[in-house]
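All chains should be modelled from the sequences, with the hints used to inform the complete structure.
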Amino acid sequence: MPEYTAPIRDMEFVLFDLLHAERTWQRIPALAEVSRDLVSAVLEEGAKITAHELAPLNQIGDQQGAAWTAGAVTTPAGFQQGFRALAQGGWLGVAGDPRYGGQGLPKMLTIALEEMFYAGNTSLYLCGTLTVGAATCIANHGSDAQKTLYLEKLYAGQWTGAMALTEAHAGTDLGIMRTRAQPVADGTYHITGTKIFITYGDHDLAENCIHLVLAKLPDAPGGTRGISLFIVPKFLVGSDGALGQRNAFAAGSIEHKMGVKGSPTCVMNYDGATGYLIGEQNQGLAAMFTMMNYERLSVGIQGLGTADAALQAASRYAAERVQGRSPLGPDNSDGPADPLHVHPDVRRMLLTVRAYNEGGRAFAALVGRELDLAKYSPDADERDRAERFVGLLTPVAKAHLTDRGFECCVLAQQVFGGHGYIGEWGVEQFVRDARIAQIYEGTNGVQALDLLGRKVLRDGGATLDEFIASMRAESDTVDGLYAAAVNGAIDRLEAVTRRLVARAADDPALAGAASVDYLDLFALTAYAWLWGRMAGIAPDDAYGAAKRHTAAFFFARLLPRALALQASIDADSATVMAMSADSL
Amino acid sequence: MTDFRTPLRDMRFLLYNVLDFETHFARLQDRTLVTRDLLDPILDEAARFSETELLPLNAVGDVQGCRFIEGAVATPPGFKEAYATYVANGWSGMTGATAYGGAGLPHSMSLIVEESMTTANMAWTMYPDLSHSAMNALAAHGTEAQKQQHLTRLLSGEWTGTMCLTEPQAGSDVGLVRTRATPNADGSYAITGTKIFISAGDHDLVDNILHLVLARLPDAPAGTKGISLFIVPKKLPNPDGSNGARNGVVCSGLEEKMGIHGCATCVLNFEDAVGYLVGAEHAGMRCMFTMMNAARLGVGMQGVGLAEAAYQRSLAYARERLQMRSLTGPQNAEASADPIIVHPDVRRMLLTQKAFVEGGRALAYYAAQQADLAEYGPTEGREAAEAMLSFLTPIVKAFITESAFESVNHAVQIFGGAGYIEETGIEQFVRDARITLIYEGTTQIQALDLLGRKVMLTGGVALLVVVGEMHALAQTCAESLPRLGHELQRIAAEWASLSMAVGGRAQADLNELGAASVDYLMYSGYAVLTYFWVRMAHVAHQKLQVGNDAYLAGKIATAEFYVARLLPRAEAHKRAIEAGSGVLMDIESAAFDHS
Numbered sequence: 072m073p074e075y076t077a078p079i080r081d082m083e084f085v086l087f088d089l090l091h092a093e094r095t096w097q098r099i100p101a102l103a104e105v106s107r108d109l110v111s112a113v114l115e116e117g118a119k120i121t122a123h124e125l126a127p128l129n130q131i132g133d134q135q136g137a138a139w140t141a142g143a144v145t146t147p148a149g150f151q152q153g154f155r156a157l158a159q160g161g162w163l164g165v166a167g168d169p170r171y172g173g174q175g176l177p178k179m180l181t182i183a184l185e186e187m188f189y190a191g192n193t194s195l196y197l198c199g200t201l202t203v204g205a206a207t208c209i210a211n212h213g214s215d216a217q218k219t220l221y222l223e224k225l226y227a228g229q230w231t232g233a234m235a236l237t238e239a240h241a242g243t244d245l246g247i248m249r250t251r252a253q254p255v256a257d258g259t260y261h262i263t264g265t266k267i268f269i270t271y272g273d274h275d276l277a278e279n280c281i282h283l284v285l286a287k288l289p290d291a292p293g294g295t296r297g298i299s300l301f302i303v304p305k306f307l308v309g310s311d312g313a314l315g316q317r318n319a320f321a322a323g324s325i326e327h328k329m330g331v332k333g334s335p336t337c338v339m340n341y342d343g344a345t346g347y348l349i350g351e352q353n354q355g356l357a358a359m360f361t362m363m364n365y366e367r368l369s370v371g372i373q374g375l376g377t378a379d380a381a382l383q384a385a386s387r388y389a390a391e392r393v394q395g396r397s398p399l400g401p402d403n404s405d406g407p408a409d410p411l412h413v414h415p416d417v418r419r420m421l422l423t424v425r426a427y428n429e430g431g432r433a434f435a436a437l438v439g440r441e442l443d444l445a446k447y448s449p450d451a452d453e454r455d456r457a458e459r460f461v462g463l464l465t466p467v468a469k470a471h472l473t474d475r476g477f478e479c480c481v482l483a484q485q486v487f488g489g490h491g492y493i494g495e496w497g498v499e500q501f502v503r504d505a506r507i508a509q510i511y512e513g514t515n516g517v518q519a520l521d522l523l524g525r526k527v528l529r530d531g532g533a534t535l536d537e538f539i540a541s542m543r544a545e546s547d548t549v550d551g552l553y554a555a556a557v558n559g560a561i562d563r564l565e566a567v568t569r570r571l572v573a574r575a576a577d578d579p580a581l582a583g584a585a586s587v588d589y590l591d592l593f594a595l596t597a598y599a600w601l602w603g604r605m606a607g608i609a610p611d612d613a614y615g616a617a618k619r620h621t622a623a624f625f626f627a628r629l630l631p632r633a634l635a636l637q638a639s640i641d642a643d644s645a646t647v648m649a650m651s652a653d654s655l
Numbered sequence: 022m023t024d025f026r027t028p029l030r031d032m033r034f035l036l037y038n039v040l041d042f043e044t045h046f047a048r049l050q051d052r053t054l055v056t057r058d059l060l061d062p063i064l065d066e067a068a069r070f071s072e073t074e075l076l077p078l079n080a081v082g083d084v085q086g087c088r089f090i091e092g093a094v095a096t097p098p099g100f101k102e103a104y105a106t107y108v109a110n111g112w113s114g115m116t117g118a119t120a121y122g123g124a125g126l127p128h129s130m131s132l133i134v135e136e137s138m139t140t141a142n143m144a145w146t147m148y149p150d151l152s153h154s155a156m157n158a159l160a161a162h163g164t165e166a167q168k169q170q171h172l173t174r175l176l177s178g179e180w181t182g183t184m185c186l187t188e189p190q191a192g193s194d195v196g197l198v199r200t201r202a203t204p205n206a207d208g209s210y211a212i213t214g215t216k217i218f219i220s221a222g223d224h225d226l227v228d229n230i231l232h233l234v235l236a237r238l239p240d241a242p243a244g245t246k247g248i249s250l251f252i253v254p255k256k257l258p259n260p261d262g263s264n265g266a267r268n269g270v271v272c273s274g275l276e277e278k279m280g281i282h283g284c285a286t287c288v289l290n291f292e293d294a295v296g297y298l299v300g301a302e303h304a305g306m307r308c309m310f311t312m313m314n315a316a317r318l319g320v321g322m323q324g325v326g327l328a329e330a331a332y333q334r335s336l337a338y339a340r341e342r343l344q345m346r347s348l349t350g351p352q353n354a355e356a357s358a359d360p361i362i363v364h365p366d367v368r369r370m371l372l373t374q375k376a377f378v379e380g381g382r383a384l385a386y387y388a389a390q391q392a393d394l395a396e397y398g399p400t401e402g403r404e405a406a407e408a409m410l411s412f413l414t415p416i417v418k419a420f421i422t423e424s425a426f427e428s429v430n431h432a433v434q435i436f437g438g439a440g441y442i443e444e445t446g447i448e449q450f451v452r453d454a455r456i457t458l459i460y461e462g463t464t465q466i467q468a469l470d471l472l473g474r475k476v477m478l479t480g481g482v483a484l485l486v487v488v489g490e491m492h493a494l495a496q497t498c499a500e501s502l503p504r505l506g507h508e509l510q511r512i513a514a515e516w517a518s519l520s521m522a523v524g525g526r527a528q529a530d531l532n533e534l535g536a537a538s539v540d541y542l543m544y545s546g547y548a549v550l551t552y553f554w555v556r557m558a559h560v561a562h563q564k565l566q567v568g569n570d571a572y573l574a575g576k577i578a579t580a581e582f583y584v585a586r587l588l589p590r591a592e593a594h595k596r597a598i599e600a601g602s603g604v605l606m607d608i609e610s611a612a613f614d615h616s
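Chains as they are written, first to last, in this note's numbering: chain D, 72 to 655; chain W, 22 to 616.
Just so you know, these hints were derived from the structure itself, not from any lab.
We put the beta carbon where it would ideally sit given N, CA and C, even for glycine.
Any given hint could be a false lead.
What the hints assert, rightly or not - Reference listing, derived: stretches of chain D covered by chain W, where coverage requires no fewer than 3 residues with Cβ under 8 Å from a Cβ of chain W:
id : region
1  : 497-510
2  : 644-652
As the list claims (entries may be wrong) - Derived, one-sided and incomplete: chain W residues facing chain D with beta-carbon distance under 10 Å:
id : residue
3  : 358
4  : 460
5  : 537
6  : 594
Claimed, not checked - Here are the simulated SDA-like cross-link-like pairs (lysine to any residue), alpha carbons at most 20 Å apart as the crow flies:
id : chain 1 : residue 1 : chain 2 : residue 2
7  : W       : 246       : D       : 401
8  : W       : 168       : W       : 304
9  : D       : 218       : D       : 312
10 : W       : 564       : D       : 407
11 : D       : 218       : D       : 172
12 : W       : 246       : W       : 261
13 : W       : 564       : W       : 478
14 : D       : 218       : D       : 229
15 : W       : 256       : W       : 92
16 : W       : 564       : D       : 654
17 : W       : 256       : W       : 295
18 : W       : 246       : D       : 407
19 : D       : 218       : D       : 174
20 : W       : 256       : W       : 228
21 : W       : 246       : D       : 396
Structure representation (structure tokens):
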């Protein structure tokens with residue numbers, strides 16, 4: 072079974088040396104008391120519970136899977152204890168509102184923690200992230216009474232959260248959903264309908280499960296403007312917080328999936344279930360987006376965490392497995408063969424994963440910083456700017472970290488050769504688990520369209536220009552070796568965007584035709600900028616030397632992918648649109 | 022989700038219009054002449070068998086898998102009956118020599134028929150695939166007596182075959198094989214050792230299995246030069262040919278795998294099993310390579326088949342699934358949403374699949390022609406065909422499977438959340454396809470073979486032939502298809518010069534070979550697929566002069582898509598190759614352990 076050690080050194084390097092988190096926190100009153108010592112201690116503790124409580128359950132969770140019997144879901148052996156460790160350790164309330172029992176720590180920190188938890192056990196931590204997401208949504212859109220009733224219990228993991236959006240015919244297209252909400256005289260609503268793909272919609276990890284359900288009021292407008300959001304608890308909650316009777320909904324079945332088998336994916340039948348409106352009528356999608364934006368970044372981190380668990384397993388295997396001789400002659404002449412990592416292509420695979428993971432870790436932390444600024448900065452202009460950057464960067468984090476996460480898991484599996492295909496080695500599970508992250512919380516195609524269509528083209532590239540300017544402004548620490556490459560990459564992104572803005576005016580299909588490649592180009596450019604800076608500030612020790620080598624690899628072997636992306640983006644949209652559907 | 026049909030139109034387009042198999046078959050010697058009147062019914066019958074017998078067993082094979090019960094392997098329900106039908110239909114002996122009961126058809130025929138079957142059910146098709154590899158090895162290296170006794174049984178389908186190479190400590194590094202062969206007084210050998218990852222190593226489709234086993238004779242030289250090949254039947258034949266006592270080989274367990282659950286992947290323990298030497302002592306690797314080369318083409322074909330199967334399903338789903346409106350306004354105004362095929366990015370994913378599937382099929386069929394020519398073609402051309410086959414084999418094996426894996430993942434992505442659910446049947450293709458990048462030599466092994474042995478060691482002789490064909494075709498289409506012709510000419514010239522440059526650097530620094538190899542293989546794949554796409558577009562263009570046809574128009578549009586959106590990836594691979602080995606090798610081994 073693969074072992075996993077949280078990469079604390081790299082996390083601290085990103086937080087403190089690359090992004091100077093302490094400086095940011097000190098000038099923000101709400102975060103002024105967050106110190107490096109505190110953060111380091113939290114990371115150490117997070118690493119411990121990951122290693123002791125979460126990771127040991129990962130493989131058994133895959134083998135046993137969640138089970139459904141007679142309307143109730145049971146999780147794999149040990150998941151209850153693992154979730155209790157997350158809950159009782161306060162890990163779900165780290166960034167929560169202190170007025171309701173949260174710890175008010177920065178997002179930058181929770182991103183690092185989430186990476187560990189996902190790396191240790193994606194299936195189990197999904198329950199944690201949904202709980203945190205539900206709490207975030209209630210904290211942002213709920214009434215004071217709702218916050219008082221739910222937040223503390225959610226932060227404490229005493230109750231969990233679930234989000235119920237998808238219906239059989241309404242996946243990406245939420246506007247066509249059919250679940251109904253009928254007003255009741257007492258101000259509550261009766262929710263009726265069937266939702267599918269509801270992660271942790273039912274389980275045995277906690278005493279209550281708080282569903283956030285999208286539904287339509289009678290006479291609601293058509294499409295996404297007619298959707299409202301409701302709190303629908305599994306057990307009704309009295310005004311004192313005590314649990315009452317079972318609400319009128321249940322899991323009708325669970326799906327058999329490719330991966331994340333320990334996480335129950337439920338069909339939920341709501342049969343006149345009691346619900347409470349959250350936020351305004353018909354404003355449900357806006358409220359849900361709070362949760363979805365949170366979850367999108369979180370799913371990106373899932374891609375990163377899984378890929379890092381896979382990298383650690385593959386690195387260890389490459390050091391231990393002996394097979395073939397080095398091209399330069401025996402490296403391990405006492406043994407029957409040399410370790411795999413003497414082979415150039417094995418190194419190429421390991422370095423590819425490493426360069427994407429460490430670049431992704433820095434990128435995710437950057438998004439976390441902008442989230443913290445958007446939430447806590449005392450300066451309104453800075454908050455607005457950070458909000459724009461969060462909008463720009465979130466789809467990139469979700470899609471790129473999960474696309475590369477899957478690619479990296481597949482490469483790690485390749486290092487194992489035939490053993491990578493066998494269940495007992497645990498590495499093929501990473502591939503199966505990682506695959507979902509490219510799909511849920513908005514497929515990566517939807518993320519790319521969000522980035523290019525809504526975040527870049529809609530304002531004529533203004534936000535993108537602002538981000539490019541911020542990259543150029545923060546380039547003084549870029550290693551001189553890579554300054555030209557970084558500048559060239561940024562210039563390329565700028566030029567490609569300008570051309571897209573000009574071309575999109577009279578080509579409505581262009582955004583969709585170019586979006587996925589554009590998102591990759593955006594990410595690769597940001598990674599180049601981050602890798603240039605990381606190489607420039609890497610310390611003079613073994614860790615720093617490895618960092619510089621990985622940077623060299625990134626610039627020489629991965630950044631050239633930008634050329635292919637550029638050519639593909641510049642291609643006419645007719646290359647995908649001209650063909651008649653009959654010819655496909 | 023069984024909306025699937027064998028792509029007979031595309032197969033026939035390649036066979037009759039692009040690659041002119043009719044003329045090709047007429048040039049072969051010592052083989053039953055394949056005319057269109059023979060080929061067409063074979064294609065139709067293979068399609069019918071695949072769709073009606075094999076396709077219904079694909080999902081059940083995945084869900085139930087093989088079971089290991091009291092020391093024996095049970096295949097999923099229906100597998101045995103389908104195999105009996107396969108044998109009754111005469112498929113098993115199709116390409117065997119008539120002297121041993123075969124039908125004497127050329128190699129390419131089995132590849133084409135196996136494509137049909139593997140598209141419907143890859144796990145099931147592996148059983149006859151492995152028999153086929155064993156037949157090739159015996160036909161090439163067995164004695165007359167061995168052919169009479171064993172090859173006939175394989176061709177009749179009474180027995181199936183296996184290839185036993187891998188051991189726990191010996192995967193890519195076959196030279197580390199430890200299984201021992203001790204001579205017996207009667208001229209046979211006692212084989213002892215453990216083999217792992219043996220596909221079809223034990224099962225209940227037939228009563229007897231012929232294992233081809235790599236083992237070491239006493240005092241054999243170390244490494245690959247000390248390995249010999251042995252026939253080890255599961256049951257020792259009686260003098261009358263019937264199956265006798267169990268030999269000393271048992272299956273001790275099945276692997277729990279990511280995919281191909283219907284194919285038994287066995288641990289085989291040999292304990293003083295009776296074996297018979299095939300070929301010369303210590304020449305086992307060479308004998309094994311005979312079967313491995315054919316098997317590698319077969320794995321490439323598995324990539325084509327899986328990608329085809331997933332493409333068809335995702336295309337059908339894209340036409341049916343209603344979700345969101347077209348960016349240019351409703352296309353399906355009476356319904357709640359438009360079919361997702363209107364969305365540009367869904368089309369990008371469909372076209373990427375189509376480009377890889379149909380391009381891969383053309384490449385594989387072309388390689389299959391070379392396999393025919395190398396053995397049965399006009400004598401003076403055999404050496405050149407062999408060189409071409411050797412050159413193309415690693416590209417067929419590795420590039421087609423790599424691109425097929427990308428392809429099946431696009432298919433899953435088109436299904437969205439439904440793609441992740443087992444009952445939809447699409448994620449199985451990802452799990453099944455993943456093995457094709459690993460077995461029969463990983464992508465890495467193929468890449469070293471391509472660059473080291475097939476390009477550098479030969480001075481790129483076959484490469485230059487392909488490049489020459491590309492230039493000639495580019496000239497032919499310069500006016501009819503100017504953009505395609507231009508791109509073909511450009512990539513052909515660049516492929517040749519890049520190969521020279523990387524070869525030169527690798528002579529000087531041995532690490533350069535491994536550092537460049539996979540990117541070089543991928544580059545070569547994109548280059549050679551350009552050739553086949555332009556060839557197909559050229560033929561389609563000519564045929565379109567006499568009337569409209571959506572299929573033919575699609576060929577040209579896909580070629581345009583390919584050069585605009587996929588071929589640019591070659592540039593990224595080229596840059597990675599040119600970056601050299603330093604960025605890989607200068608880092609200390611210990612640095613990889615850091616986390």
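Verification of the supplied hints:
1. Against chain W, the region 497-510 of chain D contributes 7 residues with a C-beta closer than 8 Å to a partner C-beta. That satisfies the three-residue criterion, and the hint holds.
2. Look at the region 644-652 of chain D against chain W: 8 of its residues bring a Cβ nearer than 8 Å to a Cβ of that chain, three or more, so the hint holds.
3. Hint status for residue 358 (chain W): holds, given a least beta-carbon distance of 5 Å to chain D, under 10 Å.
4. The beta carbon of residue 460 (chain W) is positioned within 10 Å of a beta carbon in chain D (closest approach about 7 Å), and the interface hint is therefore held.
5. The interface hint given for residue 537 (chain W) is met, as the beta carbon of that residue sits about 8 Å from the closest beta carbon of chain D, less than 10 Å.
6. Taking 10 Å as the C-beta contact cut-off toward chain D, the hint placing residue 594 (chain W) at the interface holds, the least distance being around 8 Å.
7. At roughly 18 Å between alpha-carbon atoms, residue 246 (chain W) and residue 401 (chain D) fall within 20 Å of each other, so this suggested pair holds.
8. About 18 Å separates the Cα atoms of residue 168 (chain W) and residue 304 (chain W), which keeps this hinted pair within 20 Å; it holds.
9. Note on residue 218 (chain D) and residue 312 (chain D): the hinted pairing holds, with a Cα-Cα distance of about 11 Å set against a maximum of 20 Å.
10. For the hint linking residue 564 (chain W) to residue 407 (chain D), the alpha-carbon distance of about 60 Å lies beyond 20 Å, and the restraint is violated.
11. For the suggested pair residue 218 (chain D) and residue 172 (chain D), the alpha carbons sit about 11 Å apart, so the restraint of at most 20 Å is met.
12. With a C-alpha separation of about 37 Å, the suggested pairing of residue 246 (chain W) with residue 261 (chain W) is violated against the 20 Å cut-off.
13. Pair hint residue 564 (chain W) plus residue 478 (chain W) does not hold up; C-alpha atoms about 41 Å apart against a cutoff of 20 Å.
14. For a cut-off of 20 Å, the pair hint linking residue 218 (chain D) to residue 229 (chain D) stands: about 15 Å separates their Cα positions.
15. Our distance criterion of 20 Å between C-alpha atoms is met by residue 256 (chain W) and residue 92 (chain W), whose separation comes to about 15 Å.
16. Annotation: proposed proximity of residue 564 (chain W) to residue 654 (chain D) holds, straight-line Cα distance about 15 Å (limit 20 Å).
17. For the hint linking residue 256 (chain W) to residue 295 (chain W), the alpha-carbon distance of about 10 Å falls within 20 Å, and the restraint holds.
18. Straight-line distance between C-alpha atoms of residue 246 (chain W) and residue 407 (chain D) comes to about 15 Å, which keeps the hinted pair within the 20 Å bound.
19. For the proposed pair residue 218 (chain D) and residue 174 (chain D), the alpha carbon gap of about 15 Å is at most 20 Å, so the pair holds.
20. A hinted pair counts as satisfied when its Cα atoms are at most 20 Å apart, and residue 256 (chain W) with residue 228 (chain W) qualifies at roughly 8 Å.
21. A hinted pair counts as satisfied when its Cα atoms are at most 20 Å apart, and residue 246 (chain W) with residue 396 (chain D) qualifies at roughly 15 Å.
Of the numbered hints listed earlier, those contradicted by the structure are 10, 12, 13.
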